[in-house]
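*Asks:* From first to last, the protein sequence lines are chains A and B. Going letter by letter, the first sequence gives residues 1 to 116 in my numbering. Going letter by letter, the second sequence gives residues 1 to 357 in my numbering.
Keep in mind that the hints were calculated from the coordinates and are not lab data. Hints should not be assumed to be uniformly reliable.
[Claimed, not checked] In silico EDC-like links for lysine to aspartate or glutamate, alpha-carbon gap of 20 Å or less: (1) B:258 <-> B:73; (2) B:282 <-> A:97; (3) B:286 <-> A:82; (4) B:286 <-> A:79.
Model, not experiment: these values are computed from the prediction.
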Amino acid sequence: MSNLKFSATHEWVDGSGKVGVTDFAAHEMGDIVFVELPNVGDKITAGKPFANIESVKAVSEVFSPVSGKVIAVNDALSDAPELINQDAFSAYLVEVEITAYEDGLMDKAAYDELKH
Amino acid sequence: MKQTVLYDRLNGLGGKFVEFGGYLMPVQFSGGILQEHRAVRSGVGIFDVSHMGEFLLEGERAEKEVNRLFTNDFSEMPDGKVRYALMCNDAGGVIDDLLVYKVNAQKYYIVVNASNIDKDRDWILSHLAYGSVFSDLSEKVSMIAVQGPCAESLTGELFPVLPKGFYTFIFSEFQGKKIVISRTGYTGEDGFEIYSENDLIVPIFDEILKRSESYGVSLCGLGARDTLRLESAMPLYGHEMNETTLATELGLDAYIKKHKSEFIGKTALLEKKPRYRRVGIKLIDKGIAREHSAVFSGETVIGEITSGTMSPTLGIAIAMARIEKSAATDELTVDVRGKRLRVEVTAMPFYKRVKRG
């Protein structure tokens, strides 16, 4: 997890371009029951919403910490969206060919500080 | 913001609180809504529902009054029964939906939605005939609901005598003080609702919780209350209905006795043709249709979703919708964030408990 970068809106991106939401976000949303992902080939933009996560109670937009082209989506989430609740840092949403990062991304220490 | 007397207990037990009907209420506990929901379907769940409003209506004319104020018929009702009803305005719109508890023909308890307590009290007071006595007990009375297939065993540990029939109630005692126990609930399961004066609800709650460990119990919040009532297709005031909803558009005609003598809203309900109806919706495509999503028949908007969720029991997305009565329903879609998801009309309730014994 050392190469993860975090956004203030509780998303993470790793060194290979995988993007997900943090365990803090997953916990706040509660039981996740549906994930709406972009298509492979879609362009996504740093700081803009690119996916929706539905918990039992409500829908939440997910903001992208990076700009670039979606080169893969995590199909496992289609049948098992609860994987995000179980392990938010392995249940990535999409993999991105990154062209730019959102300003102000944090390392783990800085993000942990923000949560408190 | 008001708190119920159980606030400190529930906060200490991991409740996550939100504002609801003027009260700070737990939306869920640490196990999450799905776990709470399943506990009620397979074991037992405990809810603080002290935010609900309780009124007392007394007097020689009390039976006439409830018959005039509410849509159901209370004239042949046995003492000790509970009946669901609507309270309408003169235009036939719904002011609230509520439960009427008959102690006897001169004494009725009325249980109303938390968010409507003030408005209901004002309405009833301004429409009450001379000689009837009305009291608002909401600030003095607290309530917990014990719901699920194990509710009878668990509640029976504290109270050896319980109301036998569904929608009946009895007076009981705890620590020498009078309480009310009804066999009612908002989950689609067997269960009980226990009413007591405020201070007494804390030891009742503690005692139930203490004895509950062997029953697969969960504390439950408003989140599970919503998914449970939705699976059972029970309407929720402010979602399925409000003051502009004609009472006859809700599929609740069994609780609207249009043949009985005068009641408020009767003239309008006899004259006005319902334009909408309440239907159950099942999603065919993946996704969840939530409140206010537009419902289309072909390319025409015919109504909107009034409540929607993922059904924890069925594993599919379900919803209730208010749609035009005359609209064709063979090719329905729902707009979810600009995408059209295919849906179909389905029978309500979505979930029905298996009765034992």
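*Asks:* The structure should be examined with respect to each hint, and the outcome stated for every one.
*Replies:* Against the structure, the hints come out as follows:
no. : hint           : verdict
1   : B:258 <-> B:73 : holds (9 Å)
2   : B:282 <-> A:97 : violated (38 Å)
3   : B:286 <-> A:82 : holds (15 Å)
4   : B:286 <-> A:79 : holds (10 Å)
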